[in-house]
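A.B. asks: Protein chains in written order, with our numbering: chain A, 1 to 495; chain B, 1001 to 1670; chain C, 2001 to 2100; chain D, 3001 to 3483.
A portion of the hints provided could be inaccurate.
[Claimed, not checked] Derived Cβ-Cβ restraints for the label pairs, each shown as a range:
{"#": "1", "chain 1": "C", "residue 1": "K2087", "chain 2": "D", "residue 2": "L3026", "range": "31 to 37 Å"}
{"#": "2", "chain 1": "B", "residue 1": "Y1582", "chain 2": "A", "residue 2": "H158", "range": "38 to 44 Å"}
{"#": "3", "chain 1": "D", "residue 1": "S3441", "chain 2": "A", "residue 2": "V448", "range": "43 to 49 Å"}
[What the hints assert, rightly or not] Partner residues aside, some chain B positions facing chain C, computed with beta carbon under 10 Å:
{"#": "4", "residue": "S1633"}
{"#": "5", "residue": "E1635"}
{"#": "6", "residue": "Q1641"}
Treat the hints as calculated values from the structure; they're not laboratory data.
Backbone N, C-alpha and C fix where the C-beta goes; we use that ideal spot for every residue, glycine too.
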Amino acid sequence: MLPILSLIVLIPLLFAALTLFTKTKEQARVMALVATVAVLVLTLYMYINFDSTIADNQFEEIYQWVPSLGINYHLGVDGIGMPLILLNAIVLPFLILFTWNDDRKAPNRFYALILATEGAVIGVFAALDFFLFYIFWELTLIPLFFMVSIWGGPGKHHAAIKFFIYTHIASLVMLLGIFGLYFSAWEMTGTPSLDIPALLSQFQFIGSGVMKDLIFLALLFGFIVKIPVFPFHSWQPDAYTEAPTAGSVLFVMLKIGGYGIFKVILPLLPFTASPNLMITIMAALGAVSIIYGAFLALAQSDLKRMVAYSSVSHMGYVLLGAAGLVSLSVSGAMFQQFSHGLIMSIMFMACGVINTTAGTRIINDLGGLAQKMPKLAVIMVLTFMASLGLPGLSGFIAEVSVLAGSFVNLPSYVIIALLAIVITAAYHIWALQRAMFGVFNEKLGTIVDINGYQTLSMGIIAILIVYFGWNPSPVLDMMLTNSEQIISLMAVMGV
Amino acid sequence: MAIGDLAFLIPLLPALAFVLTFFLGKKLPNGGAIIPIAAITISFVISLLITMNLLQNPEEVINQSYSWFAILNIGVLVDPLAAVMLTMVSLVSLLIHIYSVGYMSHDRSQSRYFAETALFTASMLGLALSDNILQLFICWELVGVCSYLLIGFWYEKPSASSAAKKAFLTTRVGDVMFLAGIVILFSDLFRIFNGTIPDGVYILRFDEIFTHIPEIAAMNANILGMEVSHITIITLLFFGGAIGKSGQFPLHVWLPDAMEGPTTVSALIHAATMVTAGVYLVARTFPMFMAAPSSLLVVAYLGAFTAIFAATMGIVMNDLKRVLAYSTISQLGYMMLGLGVGAAIGAEAVGISIFHLINHAFFKALLFLCAGSVIHAVGTHDMRQLGGVAKVMPITAVTMIIAAFSLAGFGIPDTIFGFSGFFSKDPIIESAYLFGSSSGMWIPYLLSITAALLTSLYIFRLVFMTFFGKPRTDYGGHESPASMTVPLSILALLALVAGALTRTTFYEFVSETFVNDFVQMDIPALADIGGYHLASHAGHEPMLILWMPLIVAVAGLLVSYLIYGLKVVNMDSLVSRNNPVYKLLYNRYYQNAIYTDFLSVKVIYEGFAFAGHAIDRGFDWTVNWISDLMIESGEALRQFQTGVIQTYATAVIAGVGLLIVLIKVVMEVI
Amino acid sequence: MIPVELYIGLAAIIFSIGLYGFMTQRSGIRMLMCVELMLNSANLNLVAFSSYNADLTGQVFALYSIALAACEAAIGFAILMAIFRMKDTINLDTFNVLRW
Amino acid sequence: MDLMLLAPELTLAVTGLAVLLIGLFLPVGAKKMLGYLASLGILVALALTVSSLGTEATMFNDTLSIDALSQFFKIVFLVVALLFAIASIKYTEGNSHTEEFFSLGVFATIGMMFVASANDIMVLFIAFELASLATYALAGFEKSNQKSLEAAMKYFMIGSLSAALLLFGISFIYGMTGTTSIPAIAAGAGNLVTNPIGLVAVVLLVAGFGFKIALVPFHMWAPDTYQGSPSVVSSLLAAGSKKMGIVAAFKVFIVALIALQAEWQMVFAILAVLTMTYGNVVALSQTSVKRMLAYSSLAQAGYITMAFVVLTPMALGGGILYALSHGFMKAGAFIATAAVVYMVLSENRDVEDPDHLDNFKGLGKRMPVTALSMTIFVFALAGIPLTAGYMSKFVLFSSTIQAGFVWLAVIAILNSALSLYYYARVVKYMYFIPTDAGKVSEPLPYTIALVIAVIGVLAIGFWSEPFVYWAMEAAKVLIPGGM
């Protein structure tokens, strides 16, 4: 059978290279669309043939790469990675469509970078070898760095460098953790191997508890900086805000941090020397970032920056749910990643549209936009409602699962999170009221509503938000399968 | 197939209507109003048939559950409680939709209006027939957001959009408590099942919840040193949600502002249906409350207090709709009181309270629609500018007066003569008395009876100021079109006779809600869990008590007639800024200052948010500081590189010397 | 015969003189001479050890290093001449264009 | 004894002399072909070395040994020399001293190769000096350019000083053990341990080699020299003669003086940390690209030095692999700079410092190939995956963790994160800071050299297995026993 995962990973990278050589905007965007659609088709094919009742890796491919170091080219996807690949595959074509009519310098590079990011991100979700995993992990940095530096806003250089260095440091710390795991396993088995499933299963046999905890913390640090959660979030608002719209959406698609939590951290958790301490750390960070991000979002004057902080708050649910260690909460956290991807991509698209047409994103300078841009208003209201966790939209499923599930083990943290819900509602509604409703601010000049392509792309993602809000099972089932398997581990260890 | 199998259509059709109207509405005449009207008509018919069916054999409640995700489900549950609710909601909503065709005819975006009202109706019906607490919460939120959208229907009006915001956020506070209650309930049940839920068991479905009440009641949490049973915590949190939705003190502030929306919206959402959802929630989870006596006490006291608290403000308002809004709050207080006294009279409390809910829905909707009809014709809300409207708008005036009498609760005890409001409000006051006599706590009764006086006072003040006397300003005005007056008449009819006809059957019908083949609750047993006993229902209160409500109502009528009809007292002496009481009432107890200006702006927005902002700056600063430090130290270290060859030589030789010494020393140490 | 320690001591002294000179002198020529001193002290060591160990390798080594020293001097002088041609001085601490 | 084993060196010797002689009879215009000739010779030597991979032999009474280690490093030197020679074809164009330039380069290479295969301290020292002397001259090749002269002068002065230190140290070793043969020293190093002179000797040797490797504090000449001398020469110095110091240190310390391990391990630990940190921190604020690269190569040397501290076969393998990768990356980076300098000077002869960062503005448009390869080189130096730099860092750092030197690994990791800042800045200048200057044609020789280097960098990054394997083989020579 055909190496479908390799195709999904390599097609975007290949087309990225090709796109570099295109001359005009038209060629570039067509190339990009072709590539992303091809990925979407392949992903759907894979999704259809995916067995969501088993927690194992599927569509595995394995070839030797550097045998003397135990490095393999090993791809495979399970219920944790599949939905995220699906998310990227779904959103990217519409992202291309969204930017269809924009005019910007060097469109060929622009689309090439988008494709490169897609390939790299999907690569992370598909990699089953830590070496490969880390390669893709780092590879996501470079296109985004260029994306921000070339097409970013006023503070782009500072933001880009900050994001680049900050997350790079985190990745390196994670790499240290990987090394530790690698060699501890090596000493036990006598053969080097970077195979993720193998290493995860061997972690429990590591002799020294200190070593275990060090490895665990190093990995955890690497992941939570990427998510990001309080207090390691300070690269994120700058990067999200300064990036061009497409860049921000790509950042949102960058769910690799949370993926690491589920794929790597949770399986290791029960075998650390002090699991309860680790759980406390994760839960505390999660709960704090939920409420902290909410308050910060409340304090922002820039719409896009507010959205960025709201993302900190939402990502807190991922960590809290993961720490909840109930299959409902864990799967809810996974689903939060998925739905957050959908919601935030529209949010950032909306910010981009407003910025281009109104010339500002300062909430108080806007006002009454709904009268001039009814289409955008409808989509924005829906998205904001989804983002503040309104039932019937995908955000709610995630949040309620996380809250209800986590309360079983972590009541006090959940109560903190509950307090944040009102604040969350507050900043969303205030932003809506000040930016979209009320009297139209004449200083804004002529305002045009979103064009056909934008309506199409945003509309379809919005419809997906509603769809998954009423019928999450298509992705939630596989998440449940995997989280139950994780939880069964916990049960064995009595955590 | 049985009519019951169509139950799921009741909310589904309006939802479908929403989608159609949303996309096609603009192209159709008057905003495609016909689509929702048709859909809701069918829903009404179905629910009416189901209710009839259920009246024959109350045992056969309809329950269809479908697995949703994880261990949660969505489903349909039509028991007597739900049935009457469905019938009322679909009927009122239908009438108001018809009325709106005329009322909104001049509005350019009426298709949006009808889409949103259709969505609201769908969610409200869904709320009424949900068979599990989570689905109820979902619809709960949906009606909330519909109310948000409809209050802010004229979003270009800043006052409207800010009122919408206020409504959403205030109710959100309650919603979060509700959600917290659900979360705790879930985790308790999860523990009871030890985390392994057998297939086909949906742990948030009401029957599961009710059957496990004893275990939940057995769980205790230590809050500030007191042992509190989980059932109490959960029920209180649920009631918190009810407070928010049903505009009970202290979360009532949003309801008067909500009058910024179209009057039809006020009638539909903020009088008849949505605001009663809170009462419905408490009634729906009544068995849990039965097991938590302290929660019931809270319900009773808060209800009674709200009833009088809102009534006082109702007296001084000069805005037609605001008076009605406060009256709604106060009536909802009565309903809560009716449930709260269940501690004395058991499941019958549900019957009494829901009966008032239904009747209130009719006459309050009627009041609003009349007000709307006046506003529609006259174009002002301010009663001080009105007067003598009865001459120009006879139908409206008559229906309004009927509604007023119904609200004030006119009727003769122990007979079938009386407005429907009388038959539903009286029992509440009586059972409050019974509660007092059995428990010795008389406050609820006293508050409720006083509130009854104020009620008739403010409503007749409204009637006199608006419809009688001579016009204070020259407004044009004409009777409204038939599409508006017909619904008025229908509702007036209901307000007139509904109570008298249904009262006997209604009580036991609804009180049977918790004994059928869906759940088998033994209410007294629950009371035992709660650690108290139901009062033996004596039934016959003293004559005075029976007549008291009527007496106060008449008194109120007379007083207001003297003041506003005959003008024997000059109000201007009282109605002035330097009268502290008036000032206090007129400023609505300064709640706006406290809530909006102080709490939300000062504390939350400026306080917390900006504190957080500062902290974040701190983190950012640290990160940048580290990088700057690196670069600066680089600048500093460069200076070693003087470029003079001797320095380099010295460095080499010094390096050699130092290394030798260092190693020597370290070697000694080791 | 003379104990080897004395040779080492002598060599050490010469080496130190060379070091001192290299650090203090400004003139390129003198610095070059100091380097020669150091190299030769090393050669002295080699020869001394060679006789002490009764093994010829050291002396061979010394011969080689003398040759190397000559080459080094040649290159050194070449560079210094070029410098002198440009700056009319071989005072090396005037050369610090390249720094930091 | 089979002279074929010396074939590469002999080929180079012939080439060097041939270039020198033919050059005498050629008009300036025709001297271009000397460059081709030299490159050809080096290529042949490279081919011969590769073809003889895996052979084990010793010759000239064990003063030379052909083994995996020496072969590996010979390849490193030859590759660097090749890049150097090809790139220089353009640089020396129209210069009347072309023949000297190339023959010096070739002879320097020979010296390095003999160091790589030396099995006797005497031979090692002589070869060491041969390479040094040749490079002194190369550094000062631009006789009329003060910077070049100053660079040469500093290089020469500090070089001869450290040569003296080295020789002095060696004399003690010889005195203590009575032999100059490396294995024999290892056997008889017993009384070095007891005698305090042993420590002095070790530190002197460290200083001697540390000068070539450019370890703090023996590094100070390096930034000046790399900046002052012609860029192609800097590439030879940074990529070539630095490695010579490393391989010499490998042989002398790990093989000969293993008995004194305790002492020099600590020395190298200190120097490694000092060097990598100092190099990175100072590089942050450099505006001259060549100088920045010089400091960065300090840092890289610091990483490689970790191998001496960790001292497991894998670490040594990592160090050796790093030497190869660094050869490609650094040589490439310097040659790219050389191309830019050439471009700048050909536009305007008397630019003060042609390698200033400002001259890199908009390079992505002006010299796309150069800019792209420069980007690859700096990202490789920063250790971004799928490049040689990452692969070697992976092996080296991970082995550090393996051996339990977590603190060292952490310092190294943080350092390489820090280094990303100034590397990224170069990229920023090349791509994100616009300039009005137009596109220029990129000189072919530079481009060829760059392409070769890029291929090398990426090959090690992608198709790592053979390189890792040979590095490990080489490491086994130093420390027998599997990993």
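A.B. asks: Decide, hint by hint, whether the structure agrees.
C.D. replies: Tested hints:
1. C/K2087 with D/L3026: 31 to 37 Å: Given about 33 Å between the Cβ atoms, the range holds.
2. B/Y1582 with A/H158: 38 to 44 Å: Between B/Y1582 and A/H158, where Cβ atoms are some 60 Å apart, the hint is violated.
3. D/S3441 with A/V448: 43 to 49 Å: Distance hint for D/S3441, A/V448 holds at roughly 46 Å.
4. S1633: At 14 Å from the nearest chain C Cβ, B/S1633 fails the 10 Å test, so the hint is violated.
5. E1635: The hint holds - B/E1635 has a Cβ within 10 Å of chain C, the shortest such distance being about 9 Å.
6. Q1641: At 5 Å from the nearest chain C Cβ, B/Q1641 passes the 10 Å test, so the hint holds.
In summary, the structure is inconsistent with hints 2, 4 from the numbered list given earlier, while agreeing with the others.
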